[in-house]
Every structure is written in C-alpha cells, then in structure tokens.
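S.K.: So you can see what is in the structure, the chains are spelled out below.
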Amino acid sequence: MPDTPEIMVYTLSTCGHCKKTKQLLNECNVAYNNVDVDTLASEERQNVLEDVKKINPKVSFPTTKIGDEVIVGHHEDKIKEALGIS
Amino acid sequence: MKPEELYEKLRKIQEPKGYFFNRDKELVMELLDGLLKRKEKDGYMTCPCRLSTGDYESDKDITCPCVYREPDVKEYGSCYCGLYVSKAWNEDRIVREFVPERRPPEKIK
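Protein sequences, first through last, are from chains V and P. First residue of the first sequence? That's 1 in our numbering, and the numbers climb one at a time after it. First residue of the second sequence? That's 87 in our numbering, and the numbers climb one at a time after it.
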C-alpha cells in the first residue's frame with residue numbers, strides 16, 4: 001500500500017482495547033509507529049503525554065493518528081475508513 | 087496469583103452486586119493479567135486501560151473497580167475498560183457503544 005498515510009498509535013501495555021487496535025492494524029498489513037506510554041520513563045512519558053493531549057484532550061488510550069485523522073478508542077470501522085479499506 | 091484465581095475471587099464479590107465479567111473471556115483474562123501487573127508495579131490494582139502514577143492518592147479514583155464503573159455501567163452497560171458489564175449487556179439486550187473516558191484529563195499524569 002504505497003499511499004498509506006503515516007500512522008501513530010498511543011497505547012498502554014495492559015489495555016484490551018489497545019491490543020485490539022494493534023491487532024487490527026496488523027491484520028490490515030499496514031506499517032505503524034507505536035508507543036506503550038505506561039512503559040516509558042518519567043521525562044519521556046511527560047513529553048509523549050503532551051503529544052497525546054494535543055490530538056486527544058481526554059488523554060485516553062488507544063489514540064490512533066492516521067494521517068490527519070485522530071481516532072480515540074478502538075473503532076474498527078473508523079480505523080478502516082481512515083485507511084481507505086472499508 | 088494467576089488471572090484464573092483472580093477471576094474466581096472477583097466474580098464471587100462482584101456478581102452479587104450486579105457487575106458481571108464481560109463474556110469475552112479472552113479480553114477479561116488479558117485485563118486481569120493487566121491488573122496483576124499493576125499490582126506488581128504499583129502495589130495496588132488500577133484500571134488496565136488508564137495510566138497509573140504509582141502514587142495511591144492520585145490513582146485512587148482508578149483503583150479497580152474504579153469510581154467511574156457505576157455511572158458507566160448504568161449509562162452504557164459496560165465499564166470503560168470492558169471488564170465489568172451488566173447482565174443485559176452480556177445478553178445483547180442493549181446496544182453496545184464505545185464508552186467514552188469520564189476521568190478528568192487533569193488527573194492524567
């Protein structure tokens with residue numbers, strides 16, 4: 001998929017919805033960047049939380065950014081739509 | 087403790103109160119494993135779907151079962167994490183909706 005937009009997924013290592021989102025992206029066979037925010041050391045964690053806050057003021061997980069689109073929570077339909085595969 | 091043991095222990099306490107484990111057992115076992123990992127890390131079990139700080143006073147509201155479970159199960163039939171649900175939710179008698187985060191963002195550190 002050469003025209004797949006850049007994807008960033010902010011997750012927690014213990015969260016079920018986060019696992020489902022990652023699983024979905026794996027099944028869709030798209031490359032994505034991912035960070036488990038709960039595993040970061042304090043300074044890095046604060047920096048990443050600031051990044052999440054900018055795109056999702058509720059700072060909840062998973063937060064998925066596909067191109068310019070932000071999807072809060074695990075929404076299979078919205079993720080597929082943003083990927084252009086719905 | 088193993089997730090299976092925690093499952094039985096919590097089930098006995100929560101079911102009489104009207105809170106049931108999600109019938110998606112795979113999800114539930116993953117979340118229980120997450121709870122046990124939090125206990126190991128912080129000394130107490132916090133919502134696996136939210137960020138804990140390791141400071142009990144800051145994390146009190148998300149100590150599982152969190153203070154948001156009651157309003158979420160009442161309104162949506164499920165807690166934010168999908169661990170605890172109502173009987174009606176498990177029996178598909180209510181529409182399954184994404185449960186939005188109720189926790190004030192200023193609490194997230």
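Since the hints were made in silico from the structure, they are not lab data. We put the beta carbon where it would ideally sit given N, CA and C, even for glycine. Check before you lean on any hint, since a few could be wrong.
Straight-line C-alpha distance at most 25 Å; calculated SDA-like pairs for lysine to any residue [to be verified]:
hint, chain 1, residue 1, chain 2, residue 2
1, V, K19, P, F184
2, V, K22, P, K123
3, V, K19, P, E94
4, P, K195, P, W175
5, V, K53, P, E187
6, V, K80, P, K193
7, P, K127, V, K80
Some, not all, of what chain V presents toward chain P, calculated at C-beta under 8 Å [unchecked claim]:
hint, residue
8, G16
9, P57
10, F61
S.K.: It remains to establish, for every hint, whether it holds in the given structure.
M.R.: Right, here's what the structure says about each hint:
no.	hint	result
1	V/K19 to P/F184	16 Å, holds
2	V/K22 to P/K123	20 Å, holds
3	V/K19 to P/E94	24 Å, holds
4	P/K195 to P/W175	32 Å, violated
5	V/K53 to P/E187	14 Å, holds
6	V/K80 to P/K193	31 Å, violated
7	P/K127 to V/K80	35 Å, violated
8	G16	5 Å, holds
9	P57	6 Å, holds
10	F61	7 Å, holds
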